[in-house]
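Trainee: Sequence:
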Amino acid sequence: MQDYSSHDAIGLAQLVRSGAVSAPELVEAAIAQVERLDDAINAVVHRAYDEARTVAAGALPDGPFTGVPFLVKDLGVGVAGWPNTGGSRFCADVVDTEDSGLTRRYRDAGVVLLGRGASSEYGIVGNVETTLYGPTRNPWNPGHIAGGSSGGSAAAVAAGIVPMAHASDGLGSIRIPAACCGLVGMKPTRDRVPNLPDGFDYAMGFVVDHVVTRSVRDSAAMLDATGISEPGSPYAVPAKDAPYLDQVGRSVGKLRIGWSPETPAGQPLHPDVMAVLEHTAATLSALGHDVREESLGVDHRAMARARAPVSAANFAAGMRRVIERIGREPREDELEPMTWAALQGSRQVTGEQAFYGYQELRMLTRGVLQRFEAFDAYLTPVMAAPPPPIGFSDPATVSPRDLGKAQVALYPFTPLFNFTGQPSISLPLGMSADGLPIGMMFTGRYADEATLYRLAGQLEKEMPWAQRRPQVWA
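Numbering (the working numbering), first residue to last: 186 to 659.
Here are the in silico distance ranges between beta carbons for each label pair:
#	residue 1	residue 2	range
1	Gly434	Ala277	42 to 52 angstroms
2	Ala493	Arg289	30 to 40 angstroms
3	Arg486	Asp188	45 to 55 angstroms
4	Ser436	Arg486	37 to 47 angstroms
5	Asp188	Gln533	53 to 63 angstroms
6	Thr239	Ala277	24 to 34 angstroms
7	Ala493	Pro456	27 to 37 angstroms
If you're looking for bench data, these hints aren't it; they were derived computationally from the structure. Glycine included, C-beta positions come from ideal geometry on N, C-alpha and C.
Work the whole structure out from these sequences, hints included.
Mentor: Following this line, the structure appears as structure tokens:
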């Protein structure tokens, strides 16, 4: 098992099926990596070793990932008997009584649940530095952030502890940590991966679940396993034409790809990010695609005005559910300053403001979807700069106002596609001069993950990243 971490999830499952290794051996390898590496990155905040050993030794489903160790993000998705803190001291004693619908799908895919990956408090901040657990660090340079809110999952996968892990994305929380940690991070189409029948509708479909992975094929295969509509899903998602795994490696053809370095506030990109963006556009052109620098023409100020009351009302409603579960209101000293300020402010939003904002969002995003008739995919960076140092966006030390500004400046590209519901994928296509990953984001037409997986498969061969290794590596 010396080369456990050199395999992706599909590769490990193939070894189990062939009899070359056993599921218990994979679990022991993963446990050994947690114990050896996690002190350096602080990614795994709950360790269910005994349960994982028992499950691995039993009869596992014959799925695409049979026997593969797997982490679940410490936010939202329930696992029976496990804590579900949401990264908050207020929920430190919350324990799930049953599996969520998505957890059952993961188990059916054959993975062995090993523990939980760290999340920022209730997923608010695009980085994991919580008062409850401390900072999660980037395996490429532990002095820098791993991104968030799925930062624990991303750091563990990047370090080789597990080959893939659950993540969720409401404003970029799959794509941002994937970009920070040099991973593949697909945000699927709205409600492509339903957490039903027991999950409520997170933010009218703005929040989605999937995984972060080191290979494109792992991401595609897990979406095949979990991306199945259920009766009662609130949004109708067109069915795929073929398995997503089959798309990886297929001929891409000549795609119409738009791209732009334009940020909502007009600030320039970091030179290293700009260099990777231009190199990616040039590579796509050399591969025969029709590549055009062209703005989407989004009115970002109008978008920000519309989303503010919608996001606030959604947070207030989500916190009400948390409060009902715990049975009391939180004290100020149980929440980070950003979360406390968000809760107080969100409770001032009226129903009229929230619904008016939602209506405005619907009209604004309709215009974006119409613009995509001209493109098969659209390219931007995930972040405006490489991952900053730890402390840059620490909710405990940076004021809520300054933290909000820092997030808008660093993560300007991702939120739009949560509101439109389109699939959007981060690919690790470059490195900064200081040796930190830089992710490029490709967004497709509504419900067209297939084109993105074909394009991602092509770029995985043309601009390979599999052999790169971070400082903290298994």
